[in-house]
Amino acid sequence: MAVLTYLYLIYLAAPILLLVVGSFGEVWANSLLPTGATLHWYAALLDDSSLLRAFRTSLMVVSVTSVIDVLVGLPAAYALHTQSRRSVRFAGRLVSLLPVAVPELTLAFGFILLFSTDALPWLGSSPLLIAGHVVLTLPYLLNTLLADMETLRLADLEAVAGSLGAGFASRFFDIVVPTLRHSVLSGLITVAALSIGEFQLSNLVSGFLNRTYPTFLLQAFYGATGFACAATVVLLSLAVAAAAIGAFVARAGGAARG
Amino acid sequence: MAIHFQNVTYRYPGSDAGVFDVDLEIADGELLVVIGPSGSGKTTLLKLLAGFLEADSGRILVDGRNLAGLPPHRRDLGIVFQSYALFQHMTAAQNVAYPLKVRGVSRQQRLDQAGLALNRVGLAGFADRMPVSLSGGQQQRVALARALVFSPRALLLDEPLSALDAFRRVEMRDEIVRVQRDAAIATLHVTHDLEEAMSIGDRVAVMHGGRMLQVAPPQVLYDAPVDRTVASFVGKANMWDATIRDAGHISTAFGMLSCDTAGWPSGSAVIALVRPERIVPLASPDDARADGAVLTGELRRDRFAGPIRRFEMALSETVLLGESGGYRGDIAAVQIPANAIRLLSPSTFNPSGV
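Quick note, the sequences are listed as chains G and D, same order. Its first residue numbered 1, the first sequence is counted upward by one per residue in our numbering. Its first residue numbered 1001, the second sequence is counted upward by one per residue in our numbering.
Think of the hints as simulated: they come from the structure by calculation, not from any bench. Owing to the predicted nature of the structure, the values given are computational and were not obtained by experimental measurement. Here a beta-carbon is modelled for each residue, glycine too, at the ideal position from N, C-alpha and C. It cannot be assumed that every hint is accurate.
Selected chain D positions facing chain G (in silico; Cβ < 10 Å) [claimed, not checked]:
1. Phe1052
2. His1073
3. Asp1076
4. Phe1081
5. Leu1086
6. Gln1088
7. Thr1091
8. Phe1304
Start from the sequences and build out the full structure, keeping to the hints where you can.
Right, dumping it as structure tokens:
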């Protein structure tokens, strides 16, 4: 069992290690490992304007997606949670899961069909790109929130706050939002990780000037290998950072709810 | 009357469960405990009063004011939940101060009042603790202080002790009574724990199948239950079908017993209720005292459990259940004192066809 586990870990880690090695290698062509050592490729990243633009686009898309997800997701989750009828809650959950079940490619083709029409000529625009990311990531936030509302007994907290004299607005902002702050944060980490790594939809609906970072990466691999490796390592570092922050927030949240 | 349920009916949509035609009054300062098996409607009653549910018919008055249509936050009632429901992101003091905050009391004033309220429940020095660092009993005290700090018109307790372990439960039970007496507030306490209900209630209301069967002080409930259901719910009971023979005597399957038959005409069918601890064990029939039938039978079971000794004696077809505190001798016969027998009407209430 242990041997199998180690083999599997090597299998997982090998491509990543190769990428890291490749990003510091001078020449890498038709050999298992690159030759020579250089920081040249990282320097080249900073000089590449289309890469920097892609990076900025990704950051912008992630930020706006996160904000919209919270603004839509928190009230939606709240409405689903407080809706006492079982059937309505089930339907809500189902709808929130649909984008997860439907392949991104299908969604992207739908976007292309719909938004390349004369009536809705928005294909290639940033708002549409963001809208796509919202559709893809919102269910994850929604499900995190719904599960936590259950475990945190939000319904009881609200009922008690009501009995203590708190009207709807007080209850929502004094109790619901602060109680769910760790859940929102850990849900957003997932949202950010998904959004930053998202390729299929972005590749199909983004325009030339608002390509996201992963979309740019694909182009980069047509060029110098070392450059592409370095660019991928940057993305990887971001993902690892997001996962680390996510784990930290989840732990803090776990401690707070005892 | 501080709280008054008048003919209140509520049926859960799409089911037969709910509460039906409930009439109940709770006086100022009275601690009334509602008890019943799960599904009996006791929590529904609390939710109707709190405003989490709205009655289909009937009225609920608090201090003479009809609560119909008022949302929970306008009813001015303090509620303590089984799950404590403390706000985890607030300190103990902030939790207690919250009802004052939403009422617009200034920050300093509300923290002062919260401090006093925490003192009253024995939590001085815990003001700055977060709920997660408090024990279950301490959290429940915070919840109690929070429910009382704004001087509500009534206190509602929804199984407040069932999340605590047995030892803390008894301690917290006394604490609730003390604080409730202190505040002299009309209190509706819902529980399924019989001992809890009997030991703290000024009066106890027994619910079954959504109906209020009897509301009475604990001792009356135990000694003079209105029917078979209440009798068996509030304690162990021997209940025998019997017929009034003449004034002062009833006949049963195992012979004649003497008891008070005032109010029952001869020949009417009754149920004779005898609590096990009222049955007197005897080493020999000759030990009998003056009053009450002496019966001999086969001792079926004899279990010593420390403070209590339980025995069963077979009298022809009937098995009699007895309990004794200090009796250590043989049991060859039993005596049933006349005043231990309580006659009930055999027409038992049959809630929703169960």
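Interface hint compliance - Gln1088/D to chain G, C-beta minimum distance less than 10 Å: holds (6 Å)
Hint Phe1081/D vs chain G: min CB-CB distance below 10 Å? holds (6 Å)
Grab the minimum C-beta distance from Phe1052/D to chain G and call the hint holds if it beats 10 Å, violated otherwise. holds (6 Å)
Can the hint on Asp1076/D be confirmed by a CB-to-CB distance to chain G that is less than 10 Å? holds (7 Å)
With a cut-off of 10 Å on the beta carbons, see whether Thr1091/D makes it to chain G. violated (13 Å)
Holds or violated: is the Cβ of His1073/D closer than 10 Å to a Cβ in chain G? For His1073/D, the interface hint holds, since the closest Cβ of chain G sits about 5 Å away, which is under 10 Å.
With a cut-off of 10 Å, does the beta carbon of Phe1304/D approach a beta carbon of chain G closely enough for the hint to hold? violated (44 Å)
Under 10 Å is the threshold here; is the Cβ of Leu1086/D close enough to any Cβ of chain G for the hint to stand? With a closest approach of 8 Å, the Leu1086/D hint holds.
Hints 7, 8 from the earlier list are contradicted by this structure; the remaining hints agree with it.
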